[in-house]
Every structure is written in structure tokens, then in C-alpha cells.
Amino acid sequence: MNEELKEIYQQVILDHNKSPRNFRKIDPSTHSSEGLNPLCGDHVFIYLDIQDGVIADISFDGNGCAISKSSASIMTAELKGKTVEEAEIIFNQFHDMVTGKLTDEEEIENLGKLSVFQGVRDFPVRVKCASLAWHTMHAALHSETVVTTE
Amino acid sequence: MTEEINRAAYSHFDPELFRKDFPVLHQNIHGKPLVYLDNAATTQKPQVVIDTIAEYYKGYNSNIHRGVHQLSQKATDEYEKARVKIQKFLNAPKSREIVLLRGTTEAINLVASSYGRKFIKSGDEIIISEMEHHSNIVPWQMLCEQTGAVLKVIPMNDLGELRMDEYKKLLTEKTKIVSVVHASNTLGTENPVEEITRLAHTVGAKVLIDGAQAVQHFKVDVQAIGCDFYAFSGHKLYGPTGIGVLWGREELLEVMPPYQGGGDMILSVTFDKTVYNEIPYKFEAGTPNIADTIALGTAIDYIESIGIDQISTYESELYLYAEETILPIDEVTLIGCAEKKGSVFSFKLKDVHPHDVGTIMDMEGVAIRTGHMCTQPVMKHFGVPALSRISIGLYNTKADIDRAAEGIKKVLEVFA
Numbered sequence: 020m021n022e023e024l025k026e027i028y029q030q031v032i033l034d035h036n037k038s039p040r041n042f043r044k045i046d047p048s049t050h051s052s053e054g055l056n057p058l059c060g061d062h063v064f065i066y067l068d069i070q071d072g073v074i075a076d077i078s079f080d081g082n083g084c085a086i087s088k089s090s091a092s093i094m095t096a097e098l099k100g101k102t103v104e105e106a107e108i109i110f111n112q113f114h115d116m117v118t119g120k121l122t123d124e125e126e127i128e129n130l131g132k133l134s135v136f137q138g139v140r141d142f143p144v145r146v147k148c149a150s151l152a153w154h155t156m157h158a159a160l161h162s163e164t165v166v167t168t169e
Numbered sequence: 011m012t013e014e015i016n017r018a019a020y021s022h023f024d025p026e027l028f029r030k031d032f033p034v035l036h037q038n039i040h041g042k043p044l045v046y047l048d049n050a051a052t053t054q055k056p057q058v059v060i061d062t063i064a065e066y067y068k069g070y071n072s073n074i075h076r077g078v079h080q081l082s083q084k085a086t087d088e089y090e091k092a093r094v095k096i097q098k099f100l101n102a103p104k105s106r107e108i109v110l111l112r113g114t115t116e117a118i119n120l121v122a123s124s125y126g127r128k129f130i131k132s133g134d135e136i137i138i139s140e141m142e143h144h145s146n147i148v149p150w151q152m153l154c155e156q157t158g159a160v161l162k163v164i165p166m167n168d169l170g171e172l173r174m175d176e177y178k179k180l181l182t183e184k185t186k187i188v189s190v191v192h193a194s195n196t197l198g199t200e201n202p203v204e205e206i207t208r209l210a211h212t213v214g215a216k217v218l219i220d221g222a223q224a225v226q227h228f229k230v231d232v233q234a235i236g237c238d239f240y241a242f243s244g245h246k247l248y249g250p251t252g253i254g255v256l257w258g259r260e261e262l263l264e265v266m267p268p269y270q271g272g273g274d275m276i277l278s279v280t281f282d283k284t285v286y287n288e289i290p291y292k293f294e295a296g297t298p299n300i301a302d303t304i305a306l307g308t309a310i311d312y313i314e315s316i317g318i319d320q321i322s323t324y325e326s327e328l329y330l331y332a333e334e335t336i337l338p339i340d341e342v343t344l345i346g347c348a349e350k351k352g353s354v355f356s357f358k359l360k361d362v363h364p365h366d367v368g369t370i371m372d373m374e375g376v377a378i379r380t381g382h383m384c385t386q387p388v389m390k391h392f393g394v395p396a397l398s399r400i401s402i403g404l405y406n407t408k409a410d411i412d413r414a415a416e417g418i419k420k421v422l423e424v425f426a
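First to last, the protein sequences are chains A and B. Take the first sequence: its letters are residues 20 to 169, numbered as in my numbering. Take the second sequence: its letters are residues 11 to 426, numbered as in my numbering.
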């Protein structure tokens, strides 16, 4: 595999694609939203259970490519237990990383597991795949029911 | 045609010779020589087509049908010559039946809104098929919403062939329009458009054939088909983007109202009354796409210099080679197995999403299409969110197919 390809299809990403975490519906949930990427057909639902400003539980289902599926999976793993304010901050940092705005190595490292998606910035058409779950989560927090990344 | 003649044609066909005519093919993508297999989306342009556009802008750019000066005369002549080339290419009876538009989509919209709004009433029925491109679905849905007409859909079988038995059941005296695709962009199926037309005419319905995926692959003769309208796009026929064609029977075009108002489509204008121009100008409001129309004429000359039958035979052989080469890969499932098909190889690759297939193949220098291909009902029929598609053009070679097969194996390596 060449370097660029290794960068985007890292083992962690392939692993989460194969066995996604929190791949289920939370019923009833306090917040939920549906995300669509009409261009490629990626389709994700995000469910949240928020108690006293803390994400007590978060899950997803739907279908999509390896990048979108693993991004949703890793996001749910990372956000569980965080406060809504923390989730907002991480959302912005993640967005800046995949769009190439966040370049500071140390800050990227602070994102922990999420940093596996930094290679996506070299594949502009795939940025939407990586960010779909995040936009959907963000929309759910703000009580929007459907979000599209077109 | 006998098999012997087919082989003879094939042996004279040298794609390497034609590859030289297409500048874009000679470049590296991610450090590897480009293999372009997304021809159903758009074809590349030969140098002669590119030159025609440059010659127009450098040598005789001017508006048509209005100036008395020499440049305008030359531009008008070349523009009208292109119309005649298109007429002959389709074997249409008259050049005044050739309407120059932006593409297939606009051609279908013109028929739906002009013919549709004048002749379609509440309760009338319009028949399309399950394998239509969105551009042959949405304009009819819009017409139905406006008029109260009802949309009926010919189903297909799991091979990706239209169910002609079901089609016959749909046809009644309520049927006013039948609009179907000649060759499917997703499945490669070549539909029996002569039979579809003949049956529609028995109940008095008008027939539109969407030829966007047909004219570049085999000979199209609108008189032999017997249809009433035929539409295609220049950019899938090795010509420029932004130019397309609607052929319509003279007697129908004559009674259809204009599609847009403006200059060039009128004979006289006063504030009391406007007299519309004759066909086809009635449907060509405003300054048309002059350069690209002339260049489409050049593209047709180019195709005819090779021979559409030669191209057809060669591409069929190459498609069979793709089946022989790619189908033995266990994880590949071919979608679209019609008895009569060609040039399109759409596939599922175990549980790998087509977008991952597309990215990895692109890294290998192989350009293919991935997604729903503007045929979401087809995706639904086969229970997939999206597909990967290899589509063949006249400049593709067996080596290209080999590179695609290697690319697919690379995807499997990553997703092992």
C-alpha cells in the first residue's frame, strides 16, 4: 500500500469499519438526528441520551463507506461521558483538522484517537464522509432533525 | 452480421491509434498512467474537437442568424452545418426537426413542459421505466403534479431487463406518453425501443427515447425505431459539454408551444402580438451555444471517420473481456446481466462501500464512477446504497481492463 493510502485507511479505521462500536438505536433518546450525503448515499442516524448536560449514552446506525462508518463509531466512543460543551469544542477541532485548518501537531495529538482522520484532509472529496456523523451529532444537539452534507 | 464480419471489423480497429487523438489520456494520476473508465459519465475529447472550439473563438466568433457581416455569416453557416450532420447521424428526415439544447436533461424537460402542458390532462397516464436516470423521472413527476396526470413505471427483472409483459398491461387508451431509456447508464441494458414504440403507438401514445448512453455505442436510426422524440448529449459522444439534441417529428414540433421566450425564437414582436419563428428556432431562444454546437459536428465527423459499427463491435469485445477478467474475482458481483447489454460493468465488491473502492482505485490511477449514478430506483431494486461502475469508450484497451482488475484486487488487499 502506498503512503497516502495507508494514511487514510489506517488499521484503526478499518477495525472500526469492520466492528463498529455503539452501532445500535437508543430508544428513547433525548436527542437524535438523521444525516445524509446525497452525493454518495451515506446515511447515518445519531442518538443521544443527555442527562444534566452530560452525554450519558450515544449511538449510531445507518450505512456508509469505511470512512463515514468508522468516523461515527470512533466519535461515539470518544464522546460518551463528555459534557455537551466539551462535545461542541471537540466538534470544532475535528472539523478544523479534516478540513486542514488545524495544523498544529500538538493540538492534533490532543485529539487522541480522532487524529487518525487527519489523512482525510488530503482527499477533499472524502472530507464529507469523515464529518457527516459529526455534523449529524451537532444537529441533534441543536434539535435539527435532518442534516445533509452536499 | 455474421461472426466473421465482426472479427474482421475488430481486427482493423486499433484503439492505440485513437488514444493519440485524446490529449487528456496521456497523464499520470498519483504517479501512475491514467486509465479512464468513467465514459458513461462523460467521454474525453479528441484534439479535433478541442481545435474546433479554439478556431471558432480565434477566427470567426460572432452571433448567428442576425448579422450581415462576414463573420456572422460564417458562424451561422457552420452552426447550421452541424445541425445537418446531427440530422444525418440520427437518420432524421429533416434538419428542421433537430433542436439544439444544453443536453439530454433539457431535451426531456422541453418535451415535458411544452408538449406536456399543451396535450396532457388530468387522468392521462405517462409511462417510464424502473431503470430511468433521474432526468427521465423528475420532469414527468413535475408534469404530473401540474396536470393531475398519473405516472406509471415498467418494472424490470433481476437481470436488469424491462418486463415487456408488464409494459403491455400498463398500456391503455389513457397512456399519452411513453418515455424510456435506450441504454441504461447503470446496468448497460439495451432496451427493445422499436417494440416499445410499436406497442405505444397501438394505443396512440407518443414515445420519447433517452439516447444519452446509446448514440456513442451503436448506430441509432430514429426512423427505424419509429419513435416521436429522441434525445442525446454531446459530451458523452466525445463532444463538448453544454450541448445536446432533441429530435422531434416535424408535425409534433409544429404544434408545440415555445419552451422559452426571447430573441431568435420570434418572427415579429409588438406589444400586442408576437409571432413565433418556425421550427426549430421556435425552441432556441437567445444566443445558442455556437462553439460547442459546431464542435459537436466535429465530434460526429470524428466518430464517423472511425465508423460507429466498428466502435460497437470493438466495445462489445472489450466488454466481454471485462467480464472474463473481472468476474473470476470471487468478491465481485456483477449488477446488470441483461442478454442485450454492453460497455457498462457495474459491480458490488463484497461489503466494501463503492466510495472506498473509488478512492483506492483512483490511487492506482484508475478512474471509475461510484455512487447511485442518478438511478436511485435501480439501487433500491438491487438492495444496494450505491455501486461501482466501469464504463468503456472507444479508446479503452484490454490493458485498461487489466489495470482495473488489479485496482479491484488492491481494494480487497486493503479491506482484507
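Derived by calculation from the structure, the hints in this document are not laboratory data. Among these hints, one or two may not hold up.
Listed next, with one range per pair, are the computed distances between beta-carbon atoms [stated by the list, open to error]:
hint, chain 1, residue 1, chain 2, residue 2, range
1, B, Val34, A, Glu163, 39 to 49 Å
2, A, Pro47, B, Glu341, 54 to 64 Å
3, A, Pro47, B, Leu161, 31 to 41 Å
4, A, Gly119, B, Thr343, 31 to 41 Å
5, A, Glu26, B, His36, 22 to 32 Å
6, B, Thr297, A, Glu105, 54 to 64 Å
7, B, His40, A, Thr122, 14 to 24 Å
8, A, Glu22, B, Thr251, 47 to 57 Å
Cut-off 20 Å, straight-line C-alpha distance, at most; resulting in silico cross-link-like pairs (EDC-like, lysine to aspartate or glutamate) [said to hold, decoys possible]:
hint, chain 1, residue 1, chain 2, residue 2
9, B, Lys390, A, Asp80
10, A, Lys25, B, Glu416
11, A, Lys37, B, Glu90
12, B, Lys42, A, Asp80
13, B, Lys419, A, Glu22
All C-beta atoms in this analysis are idealised placements derived from N, C-alpha and C, irrespective of residue type, glycine included.
How the hints compare with the structure:
Val34/B and Glu163/A have their C-beta atoms about 42 Å apart, which keeps the hinted 39 to 49 Å range intact. The hinted range of 54 to 64 Å is not satisfied by Pro47/A and Glu341/B, whose Cβ atoms lie roughly 40 Å apart. Range check, Pro47/A to Leu161/B: about 39 Å between beta-carbon atoms, so the 31 to 41 Å window is met. Under the hint 31 to 41 Å, the C-beta atoms of Gly119/A and Thr343/B, about 37 Å apart, fit the expected range.
Under the hint 22 to 32 Å, the C-beta atoms of Glu26/A and His36/B, about 28 Å apart, fit the expected range. Roughly 58 Å separates the CB atoms of Thr297/B and Glu105/A, a value that falls within the hinted 54 to 64 Å. Between His40/B and Thr122/A the beta carbons are some 23 Å apart, a value that agrees with the proposed interval 14 to 24 Å. Checked against the given bound of 47 to 57 Å, the beta carbons of Glu22/A and Thr251/B, roughly 35 Å apart, lie outside it.
Distance check on the hinted pair: Lys390/B and Asp80/A sit about 19 Å apart at the alpha-carbon level, within 20 Å; holds. Our distance criterion of 20 Å between C-alpha atoms is met by Lys25/A and Glu416/B, whose separation comes to about 18 Å. As the CA atoms of Lys37/A and Glu90/B are separated by approximately 59 Å, the hinted pair breaks the 20 Å bound. Our distance criterion of 20 Å between C-alpha atoms is broken by Lys42/B and Asp80/A, whose separation comes to about 37 Å.
As the CA atoms of Lys419/B and Glu22/A are separated by approximately 18 Å, the hinted pair is consistent with the 20 Å bound.
Going down the numbered hints, you'll see the structure goes against 2, 8, 11, 12, while the others check out.
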